[in-house]
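Q: For reference, the chains in residue letters:
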Amino acid sequence: MDASQVVVENIYLLVMVTLISVLQNTFFAQKVERECLAHTPASDRVSCANRNCMDAYPTFLAVMWCAGLCLNQAPAAFAGIIYLMVRQKYFVGYLGQTSQSTPGYLFGKRIIFFLFLMCVVGIFNYLLMRFFGNDYHEHVQTITNAASALLLIP
Amino acid sequence: MDASQVVVENIYLLVMVTLISVLQNTFFAQKVERECLAHTPASDRVSCANRNCMDAYPTFLAVMWCAGLCLNQAPAAFAGIIYLMVRQKYFVGYLGQTSQSTPGYLFGKRIIFFLFLMCVVGIFNYLLMRFFGNDYHEHVQTITNAASALLLIP
Amino acid sequence: MDASQVVVENIYLLVMVTLISVLQNTFFAQKVERECLAHTPASDRVSCANRNCMDAYPTFLAVMWCAGLCLNQAPAAFAGIIYLMVRQKYFVGYLGQTSQSTPGYLFGKRIIFFLFLMCVVGIFNYLLMRFFGNDYHEHVQTITNAASALLLIP
Chain A
0 MDASQVVVEN IYLLVMVTLI SVLQNTFFAQ KVERECLAHT PASDRVSCAN
50 RNCMDAYPTF LAVMWCAGLC LNQAPAAFAG IIYLMVRQKY FVGYLGQTSQ
100 STPGYLFGKR IIFFLFLMCV VGIFNYLLMR FFGNDYHEHV QTITNAASAL
150 LLIP
Chain B
0 MDASQVVVEN IYLLVMVTLI SVLQNTFFAQ KVERECLAHT PASDRVSCAN
50 RNCMDAYPTF LAVMWCAGLC LNQAPAAFAG IIYLMVRQKY FVGYLGQTSQ
100 STPGYLFGKR IIFFLFLMCV VGIFNYLLMR FFGNDYHEHV QTITNAASAL
150 LLIP
Chain C
0 MDASQVVVEN IYLLVMVTLI SVLQNTFFAQ KVERECLAHT PASDRVSCAN
50 RNCMDAYPTF LAVMWCAGLC LNQAPAAFAG IIYLMVRQKY FVGYLGQTSQ
100 STPGYLFGKR IIFFLFLMCV VGIFNYLLMR FFGNDYHEHV QTITNAASAL
150 LLIP
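So the sequences go chain by chain: A, B and C. At the far end of the first sequence sits residue 153, using numbering that gives the first Met the number 0, and the numbering has no gaps. At the far end of the second sequence sits residue 153, using numbering that gives the first Met the number 0, and the numbering has no gaps. At the far end of the third sequence sits residue 153, using numbering that gives the first Met the number 0, and the numbering has no gaps.
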């Protein structure tokens, strides 16, 4: 195994989720393009749903990659997949609503919070190890693996 | 060579393309700022062109970096450069059009697709190596290097 | 120390700044959501300020991470923190202004420029080392550490 394979080993699940998110972005963008060319009454809503999804996208990517690199890629990628499902539901739900009752600007807060927590734990664990020599990495990874299942609760 | 130099070795072409894209973003942003302060009739179009470019930017960055890390940085950076040229053409083309015939919301689909394919091949190759012990890394890199030249075909 | 700890060692400051920026994004997004639900007269301005901040966000993240990976994470993270403070000031300032005198579309140009320069120096230093065998890495890191203090000048 050369150096580049070691890199791939630690990130391949994250890359997969990123690729799926890119596919989803393309799906959203094509929806926007089709609706806007046809000037249907739904074009405003599609465009707004796409905008809200795109606004949150860099934040999601950043926090998922940080969580995956700092702690453990498997639960981070799992949370990423669930985020993408929530986003799909949000997008479809946005289109079905009348403009009086659109869903809010934010979505997937719980998942972002979980990924955020993973980053904090990962950095905290690194600092503990550096300054006190305690290594709880294994335990923390097991706990996060288990905790990520809690995201399935609706 | 210390560890940080090894990191730089594997990403310096990607960083260069990212820097050029940042320069281009700044160019777009300054164009928006100037037009919007002057309240010219083109300010709507400039702002819309900039918005479409910025919407696609995180997707582009994510897929270029994944392709570069998973497989080979040279063709990924090359595809990135071509994407930036396509984007420049799109932006300038957007300004020159009347609002009746603006170019679509999407652009550079072929390049994004090429980078996407590079990621898929990279991950597939990693999984093959991990589970079956076959390493086609060298061959795959040569093929991608050659295939990236196909992007030059208009 | 296993491989993943070495990775964390080189990026933990960057991850911290990214986490703070995620918190700030969430703060901005909640502000937008609250104002838009209440349909206050300020909702247009909040939404516009948020849009401008979000447009610049991927550029900032890309350039900060590149600078941190190519040269030195400490000054890159420091510049990132200052950027976040400038952004906060910009957002708050945007809300307080009447629409006739909104601040421009761009902000934090000096910090982005500093991070950009760090990337260029990092790559240049890598190429020098590769082709001529000169290693100014230590000196360059010391200089950037000192130069980052200049960002504090208002």
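Just to be clear, a hint being listed does not mean it is correct.
Copies of the same chain look alike in the list, so a pair counts if it fits in one copy or across any two.
No more than 20 Å apart at the CA atoms, straight line, and that leaves these computed lysine to aspartate or glutamate pairs for EDC-like [as the list claims (entries may be wrong)]: (1) K108 to E8; (2) K108 to E34; (3) K108 to E32; (4) K108 to D43; (5) K30 to D134; (6) K88 to E8.
Hints are computed from structural coordinates only; laboratory data are not their basis. Computed from a prediction, not measured in an experiment: that's the story for all the values here.
Q: Please go over all the hints and tell whether each is borne out by the structure.
A: How the hints compare with the structure:
Taking the shortest alpha-carbon separations for K108 and E8, neither the intra-copy value of 29 Å nor the inter-copy value of 28 Å comes in at or below 20 Å. Taking the closest pair of Cα atoms, K108 and E34 come within 20 Å of each other only across two copies (18 Å); inside a single copy the shortest separation is 28 Å, beyond that limit. Taking identical chains as interchangeable, the C-alpha atoms of K108 and E32 lie at most 20 Å apart only when they sit on different chains, with a minimum of 13 Å there against 28 Å within one chain. Taking the closest pair of Cα atoms, K108 and D43 never come within 20 Å of each other, the shortest separation being 24 Å inside a single copy and 24 Å across copies.
For a Cα distance limit of 20 Å, the shortest separation of K30 from D134 qualifies neither inside one copy, at 48 Å, nor across copies, at 40 Å. Taking the closest pair of Cα atoms, K88 and E8 never come within 20 Å of each other, the shortest separation being 31 Å inside a single copy and 38 Å across copies.
Hint violations for this structure: numbers 1, 4, 5, 6, all remaining hints satisfied.
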